[in-house]
Amino acid sequence: MTVRDRQPRAAGRLLALAAVLTLAACAAPRPGEQFNDPYEARNRAVHEFNKSVDSAVFGGGAGKDEPSSIPKPLTNMASNFAANLGEPGSFLNHMLQGKPVPAAQNVLRFSVNTVAGVGGLFDAASAIGLPPATTDFGATLHTWGAPEGAYIEAPILGPTTERDLAGTVVDIFIDPVNHALDWPDVGRVNAARLVGKAAQRLRFSATANSILYDSADSYAQARLLYLQNRHFELGIEEDQPDPFEDPNAN
Amino acid sequence: MPTDLTRRSFAALAASALVAATLARPAAALTVDQAKALVDTVTGEINKVINSGASSEAMYAAFQDIFTRYADVNYIALSALGPAGRTATPAQKAAFTKAFSRYLAVKYGKRFREFVGGQIEVTGAKPVKTFFEVQSVAKLQGQAPFDVRFQVFEKDGKQRFFNIVIEGVNMLSSERAEIGALLDKNGGNIDAMIAQLKG
Chain F
0 MTVRDRQPRA
10 AGRLLALAAV
20 LTLAACAAPR
30 PGEQFNDPYE
40 ARNRAVHEFN
50 KSVDSAVFGG
60 GAGKDEPSSI
70 PKPLTNMASN
80 FAANLGEPGS
90 FLNHMLQGKP
100 VPAAQNVLRF
110 SVNTVAGVGG
120 LFDAASAIGL
130 PPATTDFGAT
140 LHTWGAPEGA
150 YIEAPILGPT
160 TERDLAGTVV
170 DIFIDPVNHA
180 LDWPDVGRVN
190 AARLVGKAAQ
200 RLRFSATANS
210 ILYDSADSYA
220 QARLLYLQNR
230 HFELGIEEDQ
240 PDPFEDPNAN
Chain L
0 MPTDLTRRSF
10 AALAASALVA
20 ATLARPAAAL
30 TVDQAKALVD
40 TVTGEINKVI
50 NSGASSEAMY
60 AAFQDIFTRY
70 ADVNYIALSA
80 LGPAGRTATP
90 AQKAAFTKAF
100 SRYLAVKYGK
110 RFREFVGGQI
120 EVTGAKPVKT
130 FFEVQSVAKL
140 QGQAPFDVRF
150 QVFEKDGKQR
160 FFNIVIEGVN
170 MLSSERAEIG
180 ALLDKNGGNI
190 DAMIAQLKG
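Protein chains in written order, with numbering that gives the first Met the number 0: chain F, 0 to 249; chain L, 0 to 198.
Don't read these hints as lab results, they were simulated from the structure.
Take the hints with a grain of salt, since some may be wrong.
[Unchecked claim] Residues of chain L clear of chain F, computed beta-carbon distances all greater than 12 Å: (1) 31; (2) 36; (3) 39; (4) 47; (5) 57; (6) 60; (7) 63; (8) 97; (9) 118; (10) 144; (11) 150; (12) 167; (13) 173; (14) 176; (15) 177; (16) 198.
[Stated by the list, open to error] Chain L stretches covered by chain F per the calculated footprint, using a threshold of three residues with CB under 8 Å from any CB of chain F: (17) 82-93; (18) 98-106; (19) 125-132; (20) 180-187.
Glycine is no exception: its CB is placed at the ideal position from the N, C-alpha and C atoms.
Go ahead and model the full structure; you've got the sequences and the hints to work with.
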């Protein structure tokens, strides 16, 4: 490695550090509101933009909630391949979170799927009882005690939070696969990740279309879905309201 | 000796706690088991429908039937309608509940249809506040299994489920947001909202 290509990586690390420090300035929730969404107006504008991109790329629209016509094995392979490339990143984050057991699971899954899963096209590990254990730097920040911050709908990227957006940026720079490879392989790997994302979108096209195009307020539905699902992933217990205390239904 | 006394009273306390726990357990266990049995039946019927190869329309009708028999659709509908229900007439409430029941069956029926070739398996149950949460796993072909929870309560002497939580996403809060938005879109007019819900 020459000194010249060391410099961008050092810059990357600085940027990652800056992203973490920005979290200290995370917006705090306003009392009495269901969601911490102070940027709602701007988020809604981005949501409309994201919807127009989505329908241009995936041809979605109202009432198109039938399963995708692209064969499932194909979309499964593309998303498996991308998921396999994510194992080293999950391993690193599990280690940063002090969780060696799922970290070991990432190592095993990566080995099994790369070898027996034909370079990651098949999830052979799940078949032998090694289910996915994905994590990211946003989750690492959560275990380190960083607050979630405000809800954000980012262009193209979609629903996230201040903490998860910072995590996504950091993940790009600390990703072991990106570090192990040089150009143009890094480009190829990240193109494969992008294809994997698109495959995921197609794999759940019926559900995604129904939320984006058949909801009365798709922004509100996407926000609720992201935050509740993310809390579930992070192991944050949502307060379950007492059904007998609902004043409207008893 | 004070030590003896403490030890004896501790033993007595432990014994009475044990008795209380033993006495309390059968009743609670029975209810957890009942909740689990209910969801076992529900998932069994859902599995049968999704793997029946029936037409979409027949599946939606079957799901609506499952909801009617095992879910408290009335509770779910009124909870989704929220504060607007307080000013609604009984006729409006009835019309809304009817339209909502069909809407719910089609919406969730479509999602369940994506489980074709899969199985939902009940894995456990636990009490939460005044209800029970029954955990299950949806196992789909070529996909990582995902978490589906049914929340069951006993109301008017009947055990029924009133909420489904899929990978943390709560049906009741999602429908409350959706019906609220639909009502806003129709300027707060319940009749217009019901007409739109019918599609």
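For each hint, the structure was consulted:
Separation of residue 31 of chain L from chain F is adequate, the least Cβ-Cβ distance of about 16 Å exceeding the 12 Å criterion. Residue placement check: residue 36 of chain L keeps its beta carbon more than 12 Å from all beta carbons of chain F (closest about 20 Å). With a closest Cβ-Cβ approach of about 21 Å to chain F, residue 39 of chain L is found to remain outside the 12 Å limit, as its non-interface label requires. Every C-beta of chain F lies more than 12 Å from that of residue 47 of chain L, the closest at about 20 Å, which supports listing it as non-interface.
Every CB of chain F lies more than 12 Å from the CB of residue 57 of chain L, the least distance being 16 Å, so the non-interface label holds. Every Cβ of chain F is farther than 12 Å from the Cβ of residue 60 of chain L; the closest lies at roughly 18 Å, confirming the non-interface assignment. Non-interface call for residue 63 of chain L relative to chain F: holds, since the shortest CB-CB distance, roughly 18 Å, exceeds 12 Å. Here residue 97 of chain L stays apart from chain F, with its beta-carbon at least about 16 Å from theirs, past the 12 Å limit.
No beta-carbon of chain F is positioned within 12 Å of the beta-carbon of residue 118 of chain L; the least distance is around 15 Å. Non-interface status of residue 144 of chain L relative to chain F is broken: a Cβ of that chain comes within 12 Å, the nearest being about 7 Å off. Residue-level check failed: residue 150 of chain L sits 7 Å from the nearest beta carbon of chain F, not beyond 12 Å. Against chain F, the non-interface label of residue 167 of chain L is violated: not every CB pair exceeds 12 Å, the least being about 2 Å.
Residue 173 of chain L, annotated as away from the interface, has a beta carbon of chain F within 12 Å; the closest lies near 6 Å. The claim that residue 176 of chain L is not at the interface with chain F is violated, since a C-beta of that chain comes within 12 Å of its own (minimum 5 Å). At roughly 6 Å from the closest C-beta of chain F, the C-beta of residue 177 of chain L falls inside 12 Å, breaking its exclusion from the interface. Its closest Cβ contact with chain F, about 10 Å, brings residue 198 of chain L to no more than 12 Å, contrary to its assignment away from the interface.
Under the rule that three or more residues need a Cβ within less than 8 Å of chain F, the assignment of the region 82-93 of chain L holds, with 3 such residues. Using a Cβ-Cβ cut-off of 8 Å, 1 residues of the region 98-106 of chain L lie near chain F, which falls short of the minimum of three, so the contact claim is violated. Proximity of the region 125-132 of chain L to chain F, defined as three or more residues with a beta carbon under 8 Å from a beta carbon of that chain, is established by the 5 residues found. Here's how the region 180-187 of chain L fares: 4 of its residues keep a CB closer than 8 Å to some CB of chain F, so the rule of at least three is met and the hint holds.
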